[in-house]
Amino acid sequence: MNRIRKPLAVFSVALVAVMVMGIASFSVAAAKPRMAIVFATGGLGDKSFNDSAYEGMKRAEEELGIEFDQAEPQAVAEYESLLMRFAQTRKYDLIISIGFDQADALQVVSERFPDQKFAIVDTAVDAPNVASYVYKEAERGFVVGAVAGLITTRTGDPRIVSDKQIVGVIGGMDIPLIRANVAGYIAGAKYVNPKVEVKYAYVGHWADPAKCKEMANAMLDEGVDVLWLAAGRSGLGGIKAAEERNRYAIGADSDQGYLAPDNILTNGMKLVDNTVYMAIEAVLKDEFKPGINMLGINEGALGYSESLVPSDIIAEVDKLAAKVASGELEVPEDIDQVEPWLKAEGK
Amino acid sequence: MSEFMDIVFNINNLTATIRMAVPIALAAMGGAFSERSGVVNIGLEGMMLTGAFSGVLACQITGSPWLGVLFAIIGGGLVGAIHAVLTVGLKADHVVTGVGINILASGTTTWLMQVIWKRKGTSDLVAGLATWSVPGLRDVPVLGTILGTHSPLVYISFLLIFLGWVLMFKTPLGLRIRMTGEHPEAADTVGINVRAIRYFCVILSGCLAGLGGAYLSLAQLNWFSKDMSAGRGYMALAACIFGGWNPLKGLGASFLFSFTDAIQMRMQTSKLRIATELVQMIPYILTILILAGAVVRSRPPAALGEHYESGQTSK
Chain A
1 MNRIRKPLAV
11 FSVALVAVMV
21 MGIASFSVAA
31 AKPRMAIVFA
41 TGGLGDKSFN
51 DSAYEGMKRA
61 EEELGIEFDQ
71 AEPQAVAEYE
81 SLLMRFAQTR
91 KYDLIISIGF
101 DQADALQVVS
111 ERFPDQKFAI
121 VDTAVDAPNV
131 ASYVYKEAER
141 GFVVGAVAGL
151 ITTRTGDPRI
161 VSDKQIVGVI
171 GGMDIPLIRA
181 NVAGYIAGAK
191 YVNPKVEVKY
201 AYVGHWADPA
211 KCKEMANAML
221 DEGVDVLWLA
231 AGRSGLGGIK
241 AAEERNRYAI
251 GADSDQGYLA
261 PDNILTNGMK
271 LVDNTVYMAI
281 EAVLKDEFKP
291 GINMLGINEG
301 ALGYSESLVP
311 SDIIAEVDKL
321 AAKVASGELE
331 VPEDIDQVEP
341 WLKAEGK
Chain B
1 MSEFMDIVFN
11 INNLTATIRM
21 AVPIALAAMG
31 GAFSERSGVV
41 NIGLEGMMLT
51 GAFSGVLACQ
61 ITGSPWLGVL
71 FAIIGGGLVG
81 AIHAVLTVGL
91 KADHVVTGVG
101 INILASGTTT
111 WLMQVIWKRK
121 GTSDLVAGLA
131 TWSVPGLRDV
141 PVLGTILGTH
151 SPLVYISFLL
161 IFLGWVLMFK
171 TPLGLRIRMT
181 GEHPEAADTV
191 GINVRAIRYF
201 CVILSGCLAG
211 LGGAYLSLAQ
221 LNWFSKDMSA
231 GRGYMALAAC
241 IFGGWNPLKG
251 LGASFLFSFT
261 DAIQMRMQTS
271 KLRIATELVQ
281 MIPYILTILI
291 LAGAVVRSRP
301 PAALGEHYES
311 GQTSK
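First to last, the protein sequences are chains A and B. Going by this note's numbering, the first residue of the first sequence is number 1, and it counts up by one from there. Going by this note's numbering, the first residue of the second sequence is number 1, and it counts up by one from there.
Since the hints were derived computationally from the structure, they do not count as laboratory data. The beta carbon of each residue, even a glycine, is placed where N, CA and C say it ideally should be. It is possible that part of the hints are untrue.
Said to hold, decoys possible - Here are the computed lysine-lysine pairs in the DSSO-like style, where the Cα-Cα straight-line distance is at most 27 Å:
id	chain 1	residue 1	chain 2	residue 2
1	A	Lys-347	A	Lys-323
2	B	Lys-271	A	Lys-343
3	A	Lys-117	A	Lys-347
4	A	Lys-164	B	Lys-271
To be verified - Derived contacts from chain A toward chain B, CB cut-off under 10 Å, selection only:
id	residue
5	Gly-45
6	Asp-46
7	Asn-50
8	Asp-208
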């Protein structure tokens, strides 16, 4: 029997106008595989993580013929109840959690529903029914670092201020995930250009663009030509600083070129869309793999955008990316390991 | 050690200090007015955030950053008015109301951003304020680098803070404000309208914090970002107390906080590789040390946080 319920939008605004609870739409049709996705608190429209995940869901809808329901939590505290709500219906082939801060909630819910398949992106949850998709962050740092290390020698470019060859990176917080990015960046820059000097610092905040702008200014004062901002919303302030002083900035997670079209050199891309698609495909092919699935350049989950990068540099960096993908180059994940690694590589 | 000295005595530090101190100093002056009249104002954070939001919204609609600044002041003032109605009019607890204001402002601005710009992280980019170069001053060697080129709001803020100090300590109205916070009964006896003074001061504090917000969203940046005040309202409250509820000293305190922050930023990228966590703590440790030392000596207004009904006899 084919009963069709009309899409139902639940939109509740709490008294203090603090919480817009989240929109869930339900539609039922026969026999198509059903997926559910719980986005991270940044929500749709972040032009980054969540939007990219949504793209992946849409692509799976078109190409793999699935249907999906979604939830947009406003606060970390809502993750558990939303995951629980999806799991209780017992009608989803896979429930996907986006973002590292869903780990605790998913740990609890996955234990209560041992027969439900879950996937989580950007962190690991240790449970027999959860497939964790984790990125080899250092690989992404490596490719944008290589771009930075090469472009800083192009003194004819007005955005390269001196022949001192200094590049920089600002991270959001001093945590292992960001440190791996920084380590990869340093390794990439020095691998292609032993003379380069790499400066790095951390904002200590994901959502303070004004402070990040000042930190970027401090680096630009010291002669940094190219600055990578791996600092969430704070990073936008750093991009603004680079734009005002006409230097190169490198974006993070998704293409941020629209913010400063003449100054965003490239972006360290995290292709969450490919990741989500991969997770769904695995379930459909009956290849669901619980445990940690490490994704990198080889899996098409990390990369860089060509944006303003000169074509000869693209050619060179692509060669390096291929070496990383094939496993020929294993990028160090810790800043202290970079120097010994470079020596071992003969640089 | 010489590396350390190079960081501390870098001229660019002072330029950065000025840029970072302005929003804190404005809100600190707001706090000083509110508290001098006897109303605790922990809601500066929310007022600043609302100002940042209103500024960007008005700028987007009108296309003029200066109208944006005006509406930031109005937006902050409106939130100040809510605080005033609740604390002065309805005699709610000042601290509880202030915390409520901060949560309300964070939720409302995030929600409205979603409704207006259909995004949750940041608004669209708007036309921000351009910087000013002061002719003459900008060519003076060291001073020109430090003071010569800034957003016009920097110079306006310095002027306002000086005028605020004059108003508070050199005018009859300032005397009435201080008397209201010290001894409302006495003020009432000599015919001062305690309620009116308190309403005025709390709304003024909202306007000033709102202007600080506009500085963040229209001068330093040109967009609104969720929770972009990022604790500056609380820093302002600390600067207000450390500055002895005096706008000029509050400015000095803001300079000190921002200066340590500027040093912290440079220290991270220097060759002195001290643990980042320790370096990032410097401004806060200094704040605690100073407050622990300073609060003993600085005395808050005697009737701070107390409600007063006209004609009420002493408790």
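Now the hints, each set against the structure:
1. For the given pair, A/Lys-347 sits about 16 Å from A/Lys-323 by alpha-carbon distance, which is consistent with the 27 Å threshold.
2. Among the hinted pairs, B/Lys-271 with A/Lys-343 is consistent with the structure: their alpha-carbon atoms are about 21 Å apart, no more than 27 Å.
3. Using a Cα cut-off of 27 Å, the hinted pair A/Lys-117 and A/Lys-347 is violated, with the two alpha carbons roughly 46 Å apart.
4. Taking the CA atoms of A/Lys-164 and B/Lys-271, the gap is about 16 Å. The hint holds against a cut of 27 Å.
5. Contact between A/Gly-45 and chain B, as hinted, is supported at the beta carbon level, the nearest pair being about 4 Å apart and thus within 10 Å.
6. Because the beta carbon of A/Asp-46 sits about 5 Å from the nearest beta carbon in chain B, less than 10 Å, this interface hint is met.
7. Contact between A/Asn-50 and chain B, as hinted, is supported at the beta carbon level, the nearest pair being about 8 Å apart and thus within 10 Å.
8. Because the beta carbon of A/Asp-208 sits about 4 Å from the nearest beta carbon in chain B, less than 10 Å, this interface hint is met.
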